[in-house]
Amino acid sequence: MMTAPAPARPFGRLLVRATAYELRKQVAFRVGFLVREVSHGIVEPLVMLWVFWALYDSAGEGAVLRGWTFPALVQYLAGLLVVRKVVFHNRALDLSTQIFEGRVTKYLVMPMDYFVLAVARFTQYTLLQLGIAVVTWCIGAALAPEHWLFPVSWGALCGALALVLLGSWCCFLLYYVLNALAFWLDVVWSLLVMAWFVVSFAGGAVMPVSQMPPALFRVLEWGFPYWAISAPIEVLMGRLGAADVVRGLAILAATAAGLEVLRRVLWRRGLARYAGVGM
Amino acid sequence: MSRRHAVKVGGESDTGLGFYVRVARQYARIGWIRKSQFRWEFVNQVVMDLLYYLSFVLTFEILYGFREGLTLAGWTRADILVFLGLTFLSDAFMMTWLGQSWHFGDDLKAGNLDAFRLRPGPVWFTYTFQRFSPEGLMNLFAAAGLFVYGAWAHPDVGWHGIATLPLALGMAAVGQVALVVLFQSLEFWAVNADLSRFFGSVFSQIADRPLDVYPRLMKRFFVWVLPLGALSWFPTGLVLGHHSAVATALYVGVVALFLGAALVAFRAGMRRYESAMS
Numbered sequence: 001m002m003t004a005p006a007p008a009r010p011f012g013r014l015l016v017r018a019t020a021y022e023l024r025k026q027v028a029f030r031v032g033f034l035v036r037e038v039s040h041g042i043v044e045p046l047v048m049l050w051v052f053w054a055l056y057d058s059a060g061e062g063a064v065l066r067g068w069t070f071p072a073l074v075q076y077l078a079g080l081l082v083v084r085k086v087v088f089h090n091r092a093l094d095l096s097t098q099i100f101e102g103r104v105t106k107y108l109v110m111p112m113d114y115f116v117l118a119v120a121r122f123t124q125y126t127l128l129q130l131g132i133a134v135v136t137w138c139i140g141a142a143l144a145p146e147h148w149l150f151p152v153s154w155g156a157l158c159g160a161l162a163l164v165l166l167g168s169w170c171c172f173l174l175y176y177v178l179n180a181l182a183f184w185l186d187v188v189w190s191l192l193v194m195a196w197f198v199v200s201f202a203g204g205a206v207m208p209v210s211q212m213p214p215a216l217f218r219v220l221e222w223g224f225p226y227w228a229i230s231a232p233i234e235v236l237m238g239r240l241g242a243a244d245v246v247r248g249l250a251i252l253a254a255t256a257a258g259l260e261v262l263r264r265v266l267w268r269r270g271l272a273r274y275a276g277v278g279m
Numbered sequence: 001m002s003r004r005h006a007v008k009v010g011g012e013s014d015t016g017l018g019f020y021v022r023v024a025r026q027y028a029r030i031g032w033i034r035k036s037q038f039r040w041e042f043v044n045q046v047v048m049d050l051l052y053y054l055s056f057v058l059t060f061e062i063l064y065g066f067r068e069g070l071t072l073a074g075w076t077r078a079d080i081l082v083f084l085g086l087t088f089l090s091d092a093f094m095m096t097w098l099g100q101s102w103h104f105g106d107d108l109k110a111g112n113l114d115a116f117r118l119r120p121g122p123v124w125f126t127y128t129f130q131r132f133s134p135e136g137l138m139n140l141f142a143a144a145g146l147f148v149y150g151a152w153a154h155p156d157v158g159w160h161g162i163a164t165l166p167l168a169l170g171m172a173a174v175g176q177v178a179l180v181v182l183f184q185s186l187e188f189w190a191v192n193a194d195l196s197r198f199f200g201s202v203f204s205q206i207a208d209r210p211l212d213v214y215p216r217l218m219k220r221f222f223v224w225v226l227p228l229g230a231l232s233w234f235p236t237g238l239v240l241g242h243h244s245a246v247a248t249a250l251y252v253g254v255v256a257l258f259l260g261a262a263l264v265a266f267r268a269g270m271r272r273y274e275s276a277m278s
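For the protein sequence lines, the chains are V and H, in the order given.
First residue of the first sequence? That's 1 in the working numbering, and the numbers climb one at a time after it.
First residue of the second sequence? That's 1 in the working numbering, and the numbers climb one at a time after it.
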């Protein structure tokens with residue numbers, strides 16, 4: 001006897017349920033949680049702090065290198081420690097593995113949109129990392145208040161938060177698109193790592209983008225990584241204002257729209273050639 | 001490889017140097033065959049590592065380009081080029097031969113070490129070296145190119161530097177093996193923690209800059225206790241003629257001791273191994 005297909009589950013309710021499961025999964029192994037989630041993104045800013053320390057030491061006391069003093073750079077790196085945690089990381093998506101192993105099939109016959117599960121990953125990641133970022137900021141503010149980054153105003157905080165969250169969404173969409181290429185390429189691990197390098201470097205995860213050579217800066221300021229990582233920190237420091245935030249949000253929104261179109265096209269075409277059995 | 005070559009009469013494992021060479025040769029052959037199935041991924045991985053190297057070179061070029069005469073804790077722009085060449089060589093060796101270590105946590109959880117326990121030869125070697133990476137080898141050539149350029153352009157690198165190069169490269173390779181084996185060992189005590197991948201990533205970030213930039217105590221720790229210095233900092237100093245013969249002999253001893261300790265830790269970990277450990 002034929003049965004009618006079950007009605008599609010509401011997006012919102014499914015998202016909440018899936019996010020709760022994702023959160024539970026993350027904290028299931030305590031040492032793993034500490035290593036993967038809490039300590040993520042802490043080492044590189046600390047390493048760069050010492051590199052800059054050595055560099056400014058050789059430049060002499062009170063040196064200003066391409067518009068940045070050492071105390072301002074320390075504040076930038078403190079901001080990086082917090083902001084970079086929130087920006088979506090490719091390790092949180094395993095879509096390409098699911099495609100490669102043929103595990104997507106089971107979701108395709110369910111009365112739901114597969115994308116909601118990926119959005120649940122993004123929501124879980126953002127909530128968890130926001131919580132860890134707040135704790136990190138509080139610890140830093142308590143231990144080294146004279147060097148730490150305090151937002152210049154509530155407006156700056158809201159603007160920076162909007163930039164980081166929208167920038168993180170762009171990263172999520174970018175990684176989703178790259179993962180979806182597994183329909184054609186089977187293995188896309190190196191593409192994901194490459195994208196992470198580019199986003200990190202172009203976003204200012206090594207040094208402020210505005211400290212790079214002017215010609216390079218003029219190119220990178222049109223990319224979403226700059227507005228997702230480096231610019232929000234400069235907004236918090238008061239080096240960028242409200243007009244910059246609006247410009248950044250416009251660039252991020254346009255990028256997100258473009259990536260969303262690409263995601264839908266790739267997903268549709270990928271499914272059309274998907275054999276459902278993996279390699 | 002026939003079992004006759006690997007096992008002596010009476011079941012004793014023949015693990016002389018010839019054994020390691022034969023197994024490594026087979027792993028290299030399998031690596032080429034595997035990668036021939038994923039040609040696009042092969043190209044991507046080569047490009048990926050080149051991008052990684054480029055981002056490093058670019059970062060240091062930008063830092064030194066701020067102003068004339070800047071140094072990093074005494075390291076000049078010319079020194080850094082040699083340092084980066086050796087860092088990339090060391091990294092490419094790791095990528096070529098030790099890439100399986102990134103999957104150690106998952107393999108431990110799934111009980112995939114069972115098959116290695118049954119094979120003749122030490123598990124740390126047959127497991128860790130199994131994933132030969134042809135793309136890593138390509139990057140080894142790229143890294144060698146940068147190193148040769150850096151050494152050629154450096155005013156202090158002469159015949160002495162060339163003479164010490166085999167020792168410098170050997171130290172970097174042994175240092176990589178020792179660290180990878182040690183980090184894998186930690187996984188036996190904290191299953192599903194990804195400690196091997198985590199420590200590998202953290203300590204490579206620290207070792208990818210000259211250790212002199214870190215505070216004195218931290219530097220000493222990474223030179224003498226957890227000898228990250230063996231990966232590229234000490235080998236670069238050797239090529240640049242910064243270390244005396246006594247200091248070099250001492251450090252070779254430290255790295256050898258560390259390798260021994262890592263192997264002991266791995267063996268202790270294997271005694272805890274009970275097939276699937278999830």
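Worth double-checking, as some hints may not be accurate.
Interface residues of chain H toward chain V, partial, derived using beta-carbon atoms under 8 Å [to be verified]: (1) Tyr-53; (2) Val-57; (3) Thr-164; (4) Leu-186; (5) Ala-190; (6) Ile-206; (7) Ala-268; (8) Ser-275.
Quick list of in silico lysine-lysine cross-link-like pairs, BS3-like style, CA-CA up to 27 Å [unchecked claim]: (9) H:Lys-109 <-> V:Lys-25; (10) V:Lys-106 <-> H:Lys-109; (11) H:Lys-35 <-> H:Lys-109.
None of these hints come from the bench; they were simulated from the model.
Here a beta-carbon is modelled for each residue, glycine too, at the ideal position from N, C-alpha and C.
Taking the hints in turn, this is what the structure says about them:
1. Violation of the interface hint for Tyr-53 of chain H is found here, the shortest Cβ-Cβ separation to chain V being roughly 10 Å, above the 8 Å cut-off.
2. The criterion of a C-beta within 8 Å of any C-beta in chain V is not met by Val-57 of chain H, whose closest approach is roughly 12 Å, and the hint is violated.
3. For Thr-164 of chain H, the interface hint is violated, since its Cβ never comes within 8 Å of a Cβ in chain V; the closest pair sits about 26 Å apart.
4. Checking Leu-186 of chain H against chain V by beta carbon gives a least distance of about 10 Å; that is not within 8 Å, so the hint is violated.
5. The interface hint given for Ala-190 of chain H is met, as the beta carbon of that residue sits about 5 Å from the closest beta carbon of chain V, less than 8 Å.
6. The beta carbon of Ile-206 of chain H comes within 6 Å of a beta carbon in chain V, closer than 8 Å, and the hint placing it at the interface holds.
7. The interface hint given for Ala-268 of chain H is violated, since its Cβ lies 19 Å from the closest Cβ of chain V, which is over the 8 Å cut-off.
8. Hint status for Ser-275 of chain H relative to chain V: violated, with the closest Cβ pair at about 19 Å, above 8 Å.
9. In summary, the hint linking Lys-109 of chain H to Lys-25 of chain V is supported, as the alpha carbons are separated by about 16 Å, within the 27 Å threshold.
10. Distance restraint check for Lys-106 of chain V and Lys-109 of chain H: the Cα-Cα separation of roughly 25 Å lies within the 27 Å cut-off, and the hinted pair is therefore satisfied.
11. Simply put, Lys-35 of chain H and Lys-109 of chain H have alpha-carbon atoms about 26 Å apart, close enough for the 27 Å limit, and the pair holds.
Comparing the model with each numbered hint stated earlier shows that hints 1, 2, 3, 4, 7, 8 do not hold.
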